[in-house]
Amino acid sequence: MTFLAALLGVTLLAQTLRMSVPYVCAALGGVWSERSGVVNIALEGILLAGGLAGVVVHVATGSAWAGVGAGALAGAALGALHALVVRGGVDAIVSGIAINLAAAGGTRFVLRALYASSSNSPPVEGFRSVQLGGAGGGALLERTLVDPLTVATALLVGASVWTLHRTRFGLRVRACGEDPGAAASVGVDVRRVRLRAVSLGGAICGLGGVALAYDQHQFQSGMSGGRGFIALAAVILSGWRPARAAAACLAFAALDAVQILVQDQAHAASGYLAQMLPYVATLVALWAIARRRGGGAIAGRPPAALGKPME
Amino acid sequence: MSPRGRAATGAAVAGVAAGWLAFAILVWIYGDSPREVAGQLLAGTWGTAYGVGQVLYKATPLLLTGVAVNLALRAGLFNIGAEGQLAVAGLAVGAAGAALPLATPAWIALPAVIAAAPVAGAVWACVPALLRARFGAHEVISTIMMNRIADAAVGLALACGLAIPGTVRTPDVVRGARLPRLEALGLPSLHGSAVSLALPLALVVAALVGGWLARSRIGRETTLVGLSPTACAAERIPVARRIGVALVLSGAIAGLASLAPVLGSKGYYESGMGAGAGFGGIAVALLGRGSLTGLVLAALLFGTLEQGGLVINARVPMEVMSLLQAVIIVAVALADGRIRGALQRGAWA
Numbered sequence: 009m010t011f012l013a014a015l016l017g018v019t020l021l022a023q024t025l026r027m028s029v030p031y032v033c034a035a036l037g038g039v040w041s042e043r044s045g046v047v048n049i050a051l052e053g054i055l056l057a058g059g060l061a062g063v064v065v066h067v068a069t070g071s072a073w074a075g076v077g078a079g080a081l082a083g084a085a086l087g088a089l090h091a092l093v094v095r096g097g098v099d100a101i102v103s104g105i106a107i108n109l110a111a112a113g114g115t116r117f118v119l120r121a122l123y124a125s126s127s128n129s130p131p132v133e134g135f136r137s138v139q140l141g142g143a144g145g146g147a148l149l150e151r152t153l154v155d156p157l158t159v160a161t162a163l164l165v166g167a168s169v170w171t172l173h174r175t176r177f178g179l180r181v182r183a184c185g186e187d188p189g190a191a192a193s194v195g196v197d198v199r200r201v202r203l204r205a206v207s208l209g210g211a212i213c214g215l216g217g218v219a220l221a222y223d224q225h226q227f228q229s230g231m232s233g234g235r236g237f238i239a240l241a242a243v244i245l246s247g248w249r250p251a252r253a254a255a256a257c258l259a260f261a262a263l264d265a266v267q268i269l270v271q272d273q274a275h276a277a278s279g280y281l282a283q284m285l286p287y288v289a290t291l292v293a294l295w296a297i298a299r300r301r302g303g304g305a306i307a308g309r310p311p312a313a314l315g316k317p318m319e
Numbered sequence: 005m006s007p008r009g010r011a012a013t014g015a016a017v018a019g020v021a022a023g024w025l026a027f028a029i030l031v032w033i034y035g036d037s038p039r040e041v042a043g044q045l046l047a048g049t050w051g052t053a054y055g056v057g058q059v060l061y062k063a064t065p066l067l068l069t070g071v072a073v074n075l076a077l078r079a080g081l082f083n084i085g086a087e088g089q090l091a092v093a094g095l096a097v098g099a100a101g102a103a104l105p106l107a108t109p110a111w112i113a114l115p116a117v118i119a120a121a122p123v124a125g126a127v128w129a130c131v132p133a134l135l136r137a138r139f140g141a142h143e144v145i146s147t148i149m150m151n152r153i154a155d156a157a158v159g160l161a162l163a164c165g166l167a168i169p170g171t172v173r174t175p176d177v178v179r180g181a182r183l184p185r186l187e188a189l190g191l192p193s194l195h196g197s198a199v200s201l202a203l204p205l206a207l208v209v210a211a212l213v214g215g216w217l218a219r220s221r222i223g224r225e226t227t228l229v230g231l232s233p234t235a236c237a238a239e240r241i242p243v244a245r246r247i248g249v250a251l252v253l254s255g256a257i258a259g260l261a262s263l264a265p266v267l268g269s270k271g272y273y274e275s276g277m278g279a280g281a282g283f284g285g286i287a288v289a290l291l292g293r294g295s296l297t298g299l300v301l302a303a304l305l306f307g308t309l310e311q312g313g314l315v316i317n318a319r320v321p322m323e324v325m326s327l328l329q330a331v332i333i334v335a336v337a338l339a340d341g342r343i344r345g346a347l348q349r350g351a352w353a
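Protein sequences appear in the order of chains A and B.
Residue numbers for the first sequence follow this note's numbering, beginning at 9 and rising by one.
Residue numbers for the second sequence follow this note's numbering, beginning at 5 and rising by one.
Note that these hints are calculated values from the structure, not bench results.
Since this is a predicted model, take the numbers as computed values, not measurements.
No residue lacks a Cβ here, since even glycine has one placed at the ideal position from N, Cα and C.
Here are the simulated lysine to any residue pairs, SDA-like style, with alpha carbons at most 25 Å apart: (1) A:K316 to B:G294; (2) A:K316 to B:A244; (3) B:K270 to B:W50; (4) A:K316 to B:P233.
With the C-beta cut set under 10 Å, the calculated list includes, among others, these residues of chain B facing chain A: (5) I33; (6) V131; (7) P132; (8) F139; (9) S146; (10) M150; (11) D155; (12) L160; (13) A161; (14) I286; (15) L290; (16) P321; (17) L327; (18) L328.
Cβ-Cβ distance ranges computed for the label pairs, FRET-style: (19) A:G189 to B:V172: 43 to 53 Å; (20) B:C130 to A:L263: 21 to 31 Å; (21) A:A147 to B:L46: 55 to 65 Å; (22) B:G170 to A:R299: 36 to 46 Å.
So here's chain B without its partners, still in its complex pose (with noise of 0.2 Å):
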């Protein structure tokens, strides 16, 4: 294994350990025995069917986030804009799938409505990338005030005419535009969880953003970008217009993780759907360490995390699962910084 992949593995594990420990204490100091607690988790998680399924569409939109947030932090950027870019793009294609008319056929319908989700995010990741770029504005407080103005604008759009009158919600979509779940294709045992045809989706587009990156000249170029800007620049790559791409790119993915709860569950878009994703991906993204498995083993570990604390809750409330994020967060970042100086203390000496 390559020292990057050995500090990669070294710091996930890490995380991991240091998150089982933090809910052993938390049951612990709760009132509860730690050990029924996790094996009722498991039992709820992994141990049906059902409970896979759930684990299965929690990760979905993780994943999607999580790949935004890895393609920004792989060009330099901290893009803390995904729950908003998520928020707008939800809306985008509740509003959108409303709007069709009723008779609409499949293959019209999905893709304008889909197509919907990348361009509203993209358009809420261009004000911070057109900050950045032009004018280099800082990505991290732009990207957190446009979190707080999607908030306010997502309300304001559905209280001006896109929701129900008196709700919050949008009208549902029209049948055609609605992602089928896996039970219906051909995975019966699935039956009940929410899991769709945005999870083969998700595994698409992080697949192809993976490929982009490592294969494309524009892909190695953000990536080099993002380890020196000033090397770049001085090889004449565009830095400004590389920076910008990759966060209306991420923008966009990030908005692809409104898919599955709009168009694969419910439906329709209601205000806050989605919420948590966005910080949920900065998690994903940070423990994955830019390679698309370890993306994919974060996002059903944070998955199973949230659908763990539903599971759980009627005993321990699920809040301690927002507790252990956090700390499986810090300890990634902790251990990673030590690992990585040992390895380069190891490779002076």
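Next comes chain A alone, as it looks inside the complex (with noise of 0.2 Å):
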């Protein structure tokens, strides 16, 4: 008995750290864009655009890495443009959902036009070549840990923190998220640092997808299944803080795990549930940030000029 509750233990690690890399990976993407001050709900479609970007030129080159590389910048793409169609004058929140609109349908048009089929890619190996011989959690657990995309992800929120609170750049996107006037009176580019802010949480948020479609060796159309939406969830429950946000990630892929572990007992009402129980806490979370505004609330305040145009 302990045996197996053990095992479970492992398993339901390897799986939790397994599924939580996209999530993390949108929501360290949502915090770059936000603390700069741009809105972003288009993670879901950068999520969709990386794993697709990677999984055609991995199949193109057979190379795993060169698919890591091309997920990055599609993602890096989508935030410059969602940057740039911004500083046009366009409300965040309209050019995000033209985004997820866009890579939703995107996806699918170059999924049939490449492989004509609108629903999957022909598969490929991603890091299958590290992968370590035999089953169980243990195993699996290893696995997750040398996968390369599990370990950047983990360097990338140490970078991020430090990045966001040590760094000239970092300064100036949170002084870009907080009062733009003010930055660009003290010789910020305001519309700089949030274009390359938005597109470096593109890039972050690009990677996600490729590790997502890395881990099913294939992508398929709609596979991102809400995941953007749960990271933007992580990102505002976190205050806006990188590693908060990779700690509510993480906490959202162990009810994954949980609820993959326990699919055959439960009933499916417990699965819907779970699926429900990350946007509960989000709704829980605006009301307790706005209902004591700007105070020590349970998860911190927005950056203060989110979602104000630049003058």
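Put the two chains together into one complex; each comes in its own frame, and the hints tell you how they fit.
This is how it looks when you write it as structure tokens:
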């Protein structure tokens, strides 16, 4: 019994880590964008676009690393597009909706154009070459821990915290999100900083898409399955802080992992309830933030100039 | 034409032009002839009576979600939640229609079942409305969350007894609760298309909402709140209440958008039915720019795109249409900013 419990524990841990990667990447993308003052509900679409770009380049070149680069580039491109459209005077929500629409349709379009199927790509290796043998929780944990994208994600969390709080670029990003007028008055090019921050966030989010697709060893249309919105929820719950956002993502991934493990025994209802939980928690957090405006709410407060255009 | 009307028309023209351009480029990239595919698209939509019927059928929910999003926009709110409000309402309509005794006459069944739609949509909009009106929490995030919760809640309700076991659809609604198709109401040339009484119903709702916004005291106050909440607060207009009511009404109208597929076409609710009309409504509202004619024309345009996607799907993937939708949304929003800026500069000069 204790052996089973231990096995379950290790398996659960491994599954949680494995499933958290796309969430964490998307949430970091959201933090970078929103801390610079640009609302980003396009994470869902960027995950899809990054995943497809990664798989397409992987299939074409045979190199998983080339795919990773392509996914990050595609994410950065969509991030830059979002920042530029917003700079052009379009509401960030409108731009985000348009990007999500375009990504959902565009990925299917590309799938059909390249692979004559609107539902999935041909299989890809991903980082299977580094896969270790053996079944069971322990082996899965080992595989997850040596997976380059898991390692990269963990490093990116640390790097984001450090860059945001300890570097000049991070300071400028935060200044643009808090008070773009003041930032501009001391010579910061707010538009350029926002463009860079949102593109950087897009690149990280694109990596998350690649991780998602490599994990399934193919791209499937609509495979983001709401993860971008969960990541957005994590960003809000964390009070727009990268480390806490990653922690929230781990919690949501653990929820997913539990769902997978108990899938056969439990009634379908519990699955749906677990599916709702992150969103309900976010509504509660929104309420808490709004109730104690600017104070020490459970979650922290949004960047002061979030969603405000630069005049 | 007023400056505002001129800006709206200019933006709409720019949007449609950008859409056509994107269409031509995408079809060309795909390796087909844009001219031929466009011809096929027009022939399959506006070229036959059946095609027109199908366009009208697809445009019906889009008009209602467009009216819903527009109503919220006029109050200064962004209702991203039409998608979830529509899903919950569809389930409510399907469940209510199936729960009635088989012999219920239409004059009882129809009003009862139709009423389920706005009620369910309004209930779903209550949470964001309350969060916004009472606590000032931004409605965009809360409506996004409510959309995702709706997905799970509808699945949960279907799994817990509202669906036929083993499926994700409700049983058929009783005969009396079906909305008759227009082909059965003296328009036999529309034979086979799913356009139903839901279309005139949607037009009436759109006109009523337009009239309410323009002529009633509360409606006018709502649009004023959208223009300047602080000025309204100074004039003792209950800003929070106007905002809350606008969002709940918006949810109710979005709920009505479920009637066309559930009661007019299929006769039952199935998981995912009507999906996309919520986001389509945002496009309609942005393109329609608040005027009744504009909303109707925008709904017809996007209805044409939706049906046109199905027509050309054998040659070019129909997903090209959601790309077009995105291009049109962005182009309209960009052009609108530009034109409005130019008009303002003109006014200053």
